[in-house]
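Q: Note that the protein sequences, when read in sequence, are chains A and B. If you use our numbering, the first sequence closes out at 342, no skipped numbers anywhere. If you use our numbering, the second sequence closes out at 992, no skipped numbers anywhere.
Note that these hints are calculated values from the structure, not bench results. The C-beta atom is built at its ideal place from N, Cα and C for all residues, glycine as well. Among the hints, a few may not be true.
Just the calculated beta-carbon pair ranges, DEER-fashion [as the list claims (entries may be wrong)]:
| id | chain 1 | residue 1 | chain 2 | residue 2 | range |
| --- | --- | --- | --- | --- | --- |
| 1 | B | R971 | A | K303 | 49 to 57 Å |
| 2 | B | Q940 | A | S284 | 57 to 65 Å |
| 3 | A | R86 | B | D911 | 44 to 52 Å |
| 4 | A | R130 | B | P965 | 32 to 40 Å |
| 5 | B | E978 | A | S289 | 52 to 60 Å |
| 6 | B | P955 | A | P37 | 36 to 44 Å |
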Amino acid sequence: MPPAHVVLEADSVEQLLSRAYEHAYENGWTDGLPIIPATAAGVQEFVAASGRAREEIIGILPPRKGEATVEVIAVNAIMAGCRPEYMPVILAAIEGLSDPNFSLELMQVTTNPMCPLLVINGPVRKRLDINSGIGCLGPGWRANATIGRAVRLILNNVGGALPGVYSKSSFSSPLRYSYVCGENEEDNPWTPLHVERGFKYEESTVTVFRAANYHNISGGEGQGADEIIRHIASQMPPMFGAGDGAMLMLGVNHARSLYEGGLTKRDIQERLWKFARLPVSYFAESFVEMERHAGRCDGKTVWRCSSPDEFHVLVCGGPGPQDVYIGAGMPQTRTIREA
Amino acid sequence: MEKRGVPTVMIATDMFKQFGRRMASTQGCPFAVIAETPNPIRQLDPEALKARVEAMLPTIIDGLTLPPSEIVRRIKGVASEQIRPAGIVRSSVPI
């Protein structure tokens, strides 16, 4: 179905913008925030910036099996406030989300507030000013704010994840507006995420994760590597649906301390796996039973993850004794093919 | 399964019946028979669950035994309202 063309008339630019926003909202095209109207010329510019054909289908999005063509993606990217040069990032993210192993359909319809988290690696971060340092998961950076928003509008408008219609997310989540950051490769003393996942250092990639939460961990500074990891692990309790995995975004301070303490990334994964456990007596018996079947319980303790491999360790953000823990897994990485 | 010729009934709680209907519709079965029971059900003990099942049995038996044309005749109006509810629904997608 070709995108609908709408003619709006107004006496002033201000009135036209206001009408465009009202029209888009009433038709259910927005996340509730104001949008930039997608004009034919704008769509053409965004399609050109993608380097792909207008009608190329990037993914079929569940549950309503909507075709995410380059053109439809462009319309949503414009509405979200993107720049044309963000298009390749959004296309790569939609490719990753459409992978059959990602189980996007569950995310689109479940009562759980799970949502996509996009981690961006490589030189594209600098070119597009994607924040990977101070404030990388917060407001203030157009690329971080609008790329994630474009993905959300695509999931709603193409996939049909409209709250209360196909999406049954009981609470939903503020993370569904936009959840995007770059990895702080410059302050990462180890291997960055995309290299770990088999891509070249100089390649630009987006990795999509299925994410359940956001939890900032403060403190643990100045006590040595072992204490830092114990403190972090204490903030990672076993949780329902833990099979997806756990992400630790190390802040710059702790990354440096752990590195200077002689720890490799593998050491960190193994220690998190060992320390992120709690006694079975803390939990409902039914939960313990479920975790035992899932391989996350030894009879005495319940574990956050069943193996060290399920911990994804990244370096993001700016200086300070802060880290971020996200219940996240099922990563899918795609190369960003800049036009 | 219905499309493969196996008579099928969906069981859903009342709060999920519209959702179930729309999901069935995306799979090409807008007239799936849905046996419903009040939400929630996780807390119910076996006896209470049995009572809920018995209350749904007539719908389940009808759904498994009536000819498809009769099922469509009975469900058509309800299905249409569940898939496309009257009133204002903000949605860019066909629902």
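Q: Look at each hint and say if it fits the structure.
A: For each hint, the structure was consulted:
no., hint, in the structure
1, R971(B) <-> K303(A): 49 to 57 Å, "holds, 56 Å"
2, Q940(B) <-> S284(A): 57 to 65 Å, "violated, 23 Å"
3, R86(A) <-> D911(B): 44 to 52 Å, "holds, 46 Å"
4, R130(A) <-> P965(B): 32 to 40 Å, "violated, 58 Å"
5, E978(B) <-> S289(A): 52 to 60 Å, "violated, 38 Å"
6, P955(B) <-> P37(A): 36 to 44 Å, "violated, 51 Å"
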